[in-house]
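Colleague: Put chain B on the given structure of chain A with help from the hints.
Chains as they are written, first to last, in this note's numbering: chain A, 30 to 141; chain B, 412 to 521.
Read the hints as simulated data drawn from the structure, not as lab findings.
Treat each hint with caution, since some may be false.
[Claimed, not checked] As a list, the in silico DSSO-like pairs of lysine-lysine whose alpha-carbon atoms are at most 30 Å apart:
hint, chain 1, residue 1, chain 2, residue 2
1, A, 96, A, 128
2, A, 32, A, 66
3, A, 96, B, 425
4, B, 455, A, 96
5, A, 86, B, 420
6, B, 420, A, 97
7, A, 86, B, 509
8, B, 509, A, 96
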Amino acid sequence: EDKVVQSPLSLVVHEGDTVTLNCSYEVTNFRSLLWYKQEKKAPTFLFMLTSSGIEKKSGRLSSILDKKELFSILNITATQTGDSAVYLCAVTPPGTASKLTFGTGTRLQVTL
Amino acid sequence: NAGVTQTPKFRILKIGQSMTLQCTQDMNHNYMYWYRQDPGMGLKLIYYSVGAGITDKGEVPNGYNVSRSTTEDFPLRLELAAPSQTSVYFCASSYAEKLFFGSGTQLSVL
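In isolation and in its complexed conformation, chain A is listed as follows (with noise of 0.2 Å):
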């Protein structure tokens, strides 16, 4: 069964700090590896990995994918109370349907 898992499982940070989230998979074979940063309802689209080693940017956010040592890291600089939020990672099987695998997610308060 493929396995997504994600560390830490809770986080709290002074606004200003610099987060890391990782991501860990058991697949054997996926597509492509996303986040998505979920607040109080349903998940938002951040990023989507599909090679190993190239950096995925978008303001203070940015992500990589390690292929080889199964796993992908959420940077997030500067954090804002704006980005308190549960941050869940997910792959994709092959195939043309995107059924995703999620984690557990992170959930990052960021406080004042």
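Modeller: Just chain B, lined up with the frame of chain A:
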């Protein structure tokens, strides 16, 4: 931009009751999904559909049924509600591997 629309947002059921969670999308996506999310857990796939008339089981299909008569609509049916089905349900559609989620239905079975 409507995107993926789910109704209702909240519902309380008694054990043994049945109900249908509605989901519709206006993005003309072929692929649609139903996930459930239990407290402190990730999302688990219940059913998915790759196009009108085609559905398939996900990871946790027991106790649920779906249909896909049109590209836009993908309703989820609970026939005999059980307390184990208390959860938040998300419908989603996808394009180029990216899932777009509805706002969720919080269901309690008492």
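Colleague: Hint by hint, which ones does the structure fall short of?
Modeller: 3, 5 and 6
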